[in-house]
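Student: Read off the chains here:
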Amino acid sequence: MIFRRGNYPYLVARVRAMKGRLLKRDVYGRLMGMGLKDIIRFIGETDYKKEIDELAGKYSGIDLLEKALNLNLGRTINKLIKISTGDARRKIVAYSSKYEVINVRNIIVGVGRGLPIEEIEKSLVPVEAEPLEMEFDIYGLLKMNLSEIRDELGRHRDYRAVAERKSLVEMEEELIRLYYERLASGFSGRSREDRIVREVVSTEIDARNIMTVLRMKVDGATPREIRWRLIENGAIPRKEMELLIREEFDEILKHLKNYPFFQYIKEGIEKRDLSKIEQGLKRYILKKAEKLAYYRPISILPVINYLMRKENEVSNLRLIARGKELNLREDLIRENLVVV
Amino acid sequence: MDICVLGPPGFVLGFRLAGIKNVYEIHSEDDLSESIRDILTEKNISIVIMPGDQYERIPKYLKSELESSDKLLLVLGEEGERRIREKTKRVMGVDLWRKE
Amino acid sequence: MMEIRPTRSGLIEVKRRIEIAKKGWELLKRKRDALVSEFFKIMEQTAELRRKVNEKYAKAYEKLSLAKAVEGTPAIVSAAMSVREAPEIDVSFKNIMGVKVPKVKSKGKIKRKIWERGYGILGTSTLIDEVSKEYEELLEMGVKLTELENTLVRLLDEIDKNKRRVNALEYIVIPNLERTSREIRFKLEEMEREDIFRLKRFKR
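Sequence lines, in order, name chains A, B and C. Be aware that the first sequence starts at 298, since it is given in my numbering, and climbs by one per residue. Be aware that the second sequence starts at 0, since it is given in my numbering, and climbs by one per residue. Be aware that the third sequence starts at 139, since it is given in my numbering, and climbs by one per residue.
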């Protein structure tokens, strides 16, 4: 019984410990005051120590950091898969399969635009293919050219739609739709947990759709130009989105007051700053995932929440490091960190 | 006729986003001289945009060839402003370029 | 140049040349003033635009760095490669006071709507929109500034040339002619005195 359900009590306890090792808010502040070398040294003394030490021989500077972060993220996921069983394992695998899509997308974009292989490799998250029942050997794809990749994709059921697209940009957009499908796919049941995860994914979809609408409306797009770029299965009903895309930009901003994420995007709306709105939505989603995790403390929810936090941490660290390398103004880096 | 952009990858990337395809990425002094020579022979290019510090590094003889060619030059940054200012000072006798 | 003889007709010739040189000098000075006035008209506008362009350049570059930090350079490079080519430029020449100056115009709109650019909207963030917009605006302003600055440069070159010719006339040619004129007159007077003297002697 328990095996089929999944070893949630054990898993949740492990995840709680892992969550405790996530960097606290004030750490970001301290990192901001350091140079790139010191940042890497600092991170090399946290949870990322193993990966930094391993890769320090071959890489240095920003490359070292980016690869170490991705490697650590991949290993974290692999570990969670290894220590979970039954139902829990299946759900974690389902959630993590989104990384396959992310990796495929980075490869297609990289190969299609002629980026050097080392550059593309840096962006890949090395999640193990087997436990994920992933469809390809990602590193095999790296060695192919675009048309070979297209052929390979065409052989796999989920990716057929992607392979059929004509241009690189269309393939990329199809992959983004696939990403959301994958996210929700492992949680299609009727349990409370499944519904909650789907709710979080729907909110992510809403966020993306709203940004698409806003960005296009700023330049005066017609409803028709916007409609086909919307992603299905958002929490906001299709009919409502239809009404929204017919409004003018300012009306849409006013309309956003009605949504639960309004507090997070209030400043962005007042300043008519789309970047701020985008930031606010990201924060809202993380916060929501955090809250919802408490609905069922012994379930998959804390695990998913942890993964989302971990991903966010990696993203923030990458931003700080890259920002330092590019001599970016401190306040600009700070503004773009997603901290909850 | 086209616009071309000449400079380090970071400089050039922004203009790529704006649609400029005639791009000369400079990684070394040799690249610089070679690119200028290429541009001088390129009939299709009418405007050349480059950053100030790059302009300063062009060898004198190439600089005068460039200035006397039919290519229109746009040097961005302080050095670009100085270029016109110096010439004005020399010809008109006074520094008329007053910054408010 | 025709050899100037120390004769009465030679003197007339020199005086004629002085007249021409002085008229030419007047004309050149008038032209210089007109060129300078044209220069000032354009300079004001150019200095202002140059200031704006340099500001925009700094702002756009900073935004680009931000985009690279948030999205990663490969994502920006990828977007840049997907973007459609900017419109062609038309360079023609017009005449200001006899000076050939460039007239630059873009054959199409440099500033584009986000769906016209060519990068995937789903796969990019609003930051890429903002950076692209900044650089498009920079490009547009840059094209105008190129026209203005290169016009100024050519005007300056012409003013310079004009100055040299004015100075040459004022400090070399005319003084030379006037000296020649004085010399001839002196020679003529001398010859006249000699004649009178010889005539007087002969009469005795």
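Quick caveat, the hints were computed from the structure, so don't treat them as lab data. Careful, some of the hints might be misleading.
Said to hold, decoys possible - Okay, derived cross-link-like pairs now, SDA-like style, lysine to any residue, Cα gap no bigger than 20 Å in a straight line:
#1 Lys20/B to Ala353/A
#2 Lys243/C to Arg84/B
#3 Lys247/C to Val93/B
#4 Lys20/B to Lys301/C
Unchecked claim - Here chain C is said to cover these stretches of chain A; the calculated rule only asks that three of the stretch's residues, wherever they fall, bring their Cβ under 8 Å from a Cβ of chain C:
#5 462 to 470
#6 502 to 510
#7 583 to 593
#8 599 to 606
#9 624 to 632
As the list claims (entries may be wrong) - Covered stretches of chain C (in silico footprint by chain A; criterion: 3 or more residues with CB under 8 Å from a CB of chain A, positions within the stretch not fixed):
#10 157 to 171
#11 213 to 219
#12 260 to 267
#13 315 to 329
Glycine included, C-beta positions come from ideal geometry on N, C-alpha and C.
Student: If a hint holds in the structure, say so; if it does not, say that too.
Tutor: Hint check:
| no. | hint | verdict |
| --- | --- | --- |
| 1 | Lys20/B to Ala353/A | 38 Å, violated |
| 2 | Lys243/C to Arg84/B | 25 Å, violated |
| 3 | Lys247/C to Val93/B | 39 Å, violated |
| 4 | Lys20/B to Lys301/C | 42 Å, violated |
| 5 | 462 to 470 | holds (count 5) |
| 6 | 502 to 510 | holds (count 3) |
| 7 | 583 to 593 | violated (count 0) |
| 8 | 599 to 606 | violated (count 0) |
| 9 | 624 to 632 | holds (count 5) |
| 10 | 157 to 171 | violated (count 0) |
| 11 | 213 to 219 | holds (count 4) |
| 12 | 260 to 267 | holds (count 6) |
| 13 | 315 to 329 | violated (count 0) |
This entry does not satisfy hints 1, 2, 3, 4, 7, 8, 10, 13, going by the numbered hints stated previously.
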